[in-house]
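Quick mapping for you: the protein sequence lines, in order, are chains A and B. According to the working numbering, numbering within the first sequence proceeds without interruption in unit steps and concludes at 435. According to the working numbering, numbering within the second sequence proceeds without interruption in unit steps and concludes at 117.
No wet-lab data here; the hints were simulated from the structure. Careful: at least some of the hints might be erroneous.
Stated by the list, open to error - Each computed SDA-like pair below joins lysine to any residue, with the alpha-carbon atoms no more than 20 Å apart:
id: 1; chain 1: A; residue 1: Lys331; chain 2: A; residue 2: Val434
id: 2; chain 1: B; residue 1: Lys58; chain 2: B; residue 2: Pro99
id: 3; chain 1: A; residue 1: Lys358; chain 2: B; residue 2: Asp7
id: 4; chain 1: A; residue 1: Lys372; chain 2: B; residue 2: Gly102
id: 5; chain 1: A; residue 1: Lys358; chain 2: B; residue 2: Leu57
Now for the letters of each chain:
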Amino acid sequence: GAVVSQHPSWVICKSGTSVKIECRSLDFQATTMFWYRQFPKQSLMLMATSNEGSKATYEQGVEKDKFLINHASLTLSTLTVTSAHPEDSSFYICSAEPRGAGGSDTQYFGPGTRLTVL
Amino acid sequence: DAKTTQPTSMDCAEGRAANLPCNHSTISGNEYVYWYRQIHSQGPQYIIHGLKNNETNEMASLIITEDRKSSTLILPHATLRDTAVYYCIVSAPNTGNQFYFGTGTSLTVIP
Chain A
318 GAVVSQHPSW VICKSGTSVK IECRSLDFQA TTMFWYRQFP KQSLMLMATS
368 NEGSKATYEQ GVEKDKFLIN HASLTLSTLT VTSAHPEDSS FYICSAEPRG
418 AGGSDTQYFG PGTRLTVL
Chain B
7 DAKTTQPTSM DCAEGRAANL PCNHSTISGN EYVYWYRQIH SQGPQYIIHG
57 LKNNETNEMA SLIITEDRKS STLILPHATL RDTAVYYCIV SAPNTGNQFY
107 FGTGTSLTVI P
């Protein structure tokens, strides 16, 4: 149980194009989903918190117009990297928090999406 | 910012117990301690979590000090597949439950 998937697992795009990454909770409903970014040899950095049916909350320093987040259902959140540039190349990881988890809200992570911008 | 500090790296002999420490001296009363691990180029895998009491599951044991300022993750019989980066995180579910990852501990299990 508690499986989170991401699609695509890797993507290569040209500079200036937009890329959409999907995050799905496969066997549970997720009230909240989170998006992280990880550069090589570094730790995960929280980008934003996404609650179903409301606007995402972005961490300081993360451009909301560059990283568009949509959480339209309890099982799907999407991250769109708009006008991607080489510096956006990174490993993007989502996590999902089961609805009604109560008490401690364990996050379950997806396998990640490797984005390379040429 | 991360509220935890961990040693950068550790080695452990295969078959022996791996004890991974974590300091979280500024932990608040409503914050849980979570442990995850990440194998290269994969998403983090949940291991265990706790609030005050020691916890055990099929993967590991979590020992939390009485003052809650530190904890230890114990892998009872380390295998080569346990080689990974282990992250200790403190977070409060009722204040958004954001996870701020520190640098983690890179555990290498040696044959």
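Okay, the hints, checked on the actual structure:
no.	hint	in the structure
1	A:Lys331 x A:Val434	6 Å, holds
2	B:Lys58 x B:Pro99	15 Å, holds
3	A:Lys358 x B:Asp7	18 Å, holds
4	A:Lys372 x B:Gly102	14 Å, holds
5	A:Lys358 x B:Leu57	30 Å, violated
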